[in-house]
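Engineer: Sequence:
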Amino acid sequence: MTAAGPPFRVMAPLRIGAVGLSAIMEYQKPGPVAADFFTGFDAERLARHLPDLPAGHFDAATGRIVMAFQTFLVRTPRHLILVDTCCGADKFRPEPMPHPTAAWLEGLHAAGVSEADIDFVLCTHLHVDHTGWNTRLERGRWVPTFPNATYVFSRAEYRYWEKLARSGAELPRVSRGIWEMNCLPVAEAGQALLVDDGHVLDEYVSLVPSPGHSPHHVCIRISSGGQEALVLGDMVHSVLQCHAPDWSTRVCWDPDLAARSRRAVLQEAAERRSVLLPVHFPAPTAGRLSAAGDGYDYRFVDTCVLARTTPRVRIRHLRVTNAFRKRCVQAHTRRVAAAGAQPRRRGRAHRTAGRPSSPGRPRDQPGGFQFVKRRPKAVGRGAAEFVVWVRAEDAASAGDGPTARTRCGKDTNGRTT
Numbered sequence: 001m002t003a004a005g006p007p008f009r010v011m012a013p014l015r016i017g018a019v020g021l022s023a024i025m026e027y028q029k030p031g032p033v034a035a036d037f038f039t040g041f042d043a044e045r046l047a048r049h050l051p052d053l054p055a056g057h058f059d060a061a062t063g064r065i066v067m068a069f070q071t072f073l074v075r076t077p078r079h080l081i082l083v084d085t086c087c088g089a090d091k092f093r094p095e096p097m098p099h100p101t102a103a104w105l106e107g108l109h110a111a112g113v114s115e116a117d118i119d120f121v122l123c124t125h126l127h128v129d130h131t132g133w134n135t136r137l138e139r140g141r142w143v144p145t146f147p148n149a150t151y152v153f154s155r156a157e158y159r160y161w162e163k164l165a166r167s168g169a170e171l172p173r174v175s176r177g178i179w180e181m182n183c184l185p186v187a188e189a190g191q192a193l194l195v196d197d198g199h200v201l202d203e204y205v206s207l208v209p210s211p212g213h214s215p216h217h218v219c220i221r222i223s224s225g226g227q228e229a230l231v232l233g234d235m236v237h238s239v240l241q242c243h244a245p246d247w248s249t250r251v252c253w254d255p256d257l258a259a260r261s262r263r264a265v266l267q268e269a270a271e272r273r274s275v276l277l278p279v280h281f282p283a284p285t286a287g288r289l290s291a292a293g294d295g296y297d298y299r300f301v302d303t304c305v306l307a308r309t310t311p312r313v314r315i316r317h318l319r320v321t322n323a324f325r326k327r328c329v330q331a332h333t334r335r336v337a338a339a340g341a342q343p344r345r346r347g348r349a350h351r352t353a354g355r356p357s358s359p360g361r362p363r364d365q366p367g368g369f370q371f372v373k374r375r376p377k378a379v380g381r382g383a384a385e386f387v388v389w390v391r392a393e394d395a396a397s398a399g400d401g402p403t404a405r406t407r408c409g410k411d412t413n414g415r416t417t
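Numbering (my numbering), first residue to last: 1 to 417.
Accuracy of the hints is not assured; some may be wrong.
[To be verified] Label pairs and their computed distance ranges (CB to CB): (1) ARG139 - ARG299: 47 to 57 Å; (2) ASP202 - ARG166: 26 to 36 Å; (3) GLY293 - ALA169: 38 to 48 Å; (4) GLU188 - GLY293: 22 to 32 Å; (5) ARG139 - GLU44: 48 to 58 Å; (6) ARG139 - GLY190: 28 to 38 Å.
To be clear, the hints were calculated from the coordinates, so they are not data collected in a lab. All C-beta atoms, glycine included, are put in the ideal place defined by N, C-alpha and C.
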């Protein structure tokens, strides 16, 4: 496996209603030169919007856009879902991948998720940097990385790349062997689900057709509680394309169609106030659009603000195990560390799990949670009764609540009285 690279900032976890979202970073690096990469590139337009670009997204000295390679982990009340799986390991031997990739698997495990935990893998399209961890090399054979997952592919996208692979034809700027390594082994294992481009997975997740970058590219819509997020895949590679939606890339299958799809998707996202999750935007990644002239301003979402406005889960007299309290601390520590901060350990406004405090809801501090011991009597070995105020994202990561009890039933005795 390719060695791990240097650490990078990663998007802080956020919530869309009952659904948790976080990013797993594989790598980040200066990418192509903007003038060479974008069709319709206009140097004057670049100069006009350059001051608006956030630090770390564009290298002015070389003219290169900075690109992240990341996966989005989606935690619905029912499923664990991965959207796009980066570049993967051991591909294209004897030549190594152009960047280290081992950090991706480490990031998945650091999120408290194993390969066997994943229920669905969604791919916005079937390019090399969006399907790599679909498979891994095992005893000289490519096998699905996630043994219990259903891999959801656009039927038409899958058939296009299958036909291309079987014909032996080559496309410029498209790596050969992607379908054979990253898709065919999944189908042979019986884990592929081929669907229409507008497929609805469940009440939380659906596919949005957005062709052009690839023949049947799709975005992934996540909806819950009147909120919405949209994973953009390769609809945009840089914030510059929000300011200039007509700029497609040299690697687009149909640049004109890609531009039309981009305008339609961005317009709808601006009107619906959707939180956008572009795969290739470095941290803080998530953002919203507002119309500006013939393009859009992209404003990054303050995910700490989102966390502050996310309601706490309040479960009165919940019977919890000490193991659950420990997992809550770990989930909180991971989330705060991902945001580049240190967990606060002191002060009445921010209590850590396991420290009794005065009754009542704690002040609304970022990442805070509180276990208030109401009944001192023991209710079973290793457990006690508490009133619990805990951030929804920490509870979801720890495995709290009725929706997660099937996954963590051996560790959590959740019962309200």
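Engineer: Against each hint, give a clear statement of whether it holds in the structure.
Structural biologist: For each hint, the structure was consulted:
no. : hint                        : in the structure
1   : ARG139 - ARG299: 47 to 57 Å : 49 Å, holds
2   : ASP202 - ARG166: 26 to 36 Å : 33 Å, holds
3   : GLY293 - ALA169: 38 to 48 Å : 41 Å, holds
4   : GLU188 - GLY293: 22 to 32 Å : 50 Å, violated
5   : ARG139 - GLU44: 48 to 58 Å  : 56 Å, holds
6   : ARG139 - GLY190: 28 to 38 Å : 19 Å, violated
Hint check: violations occur at hints 4 and 6; the rest are consistent with the structure.
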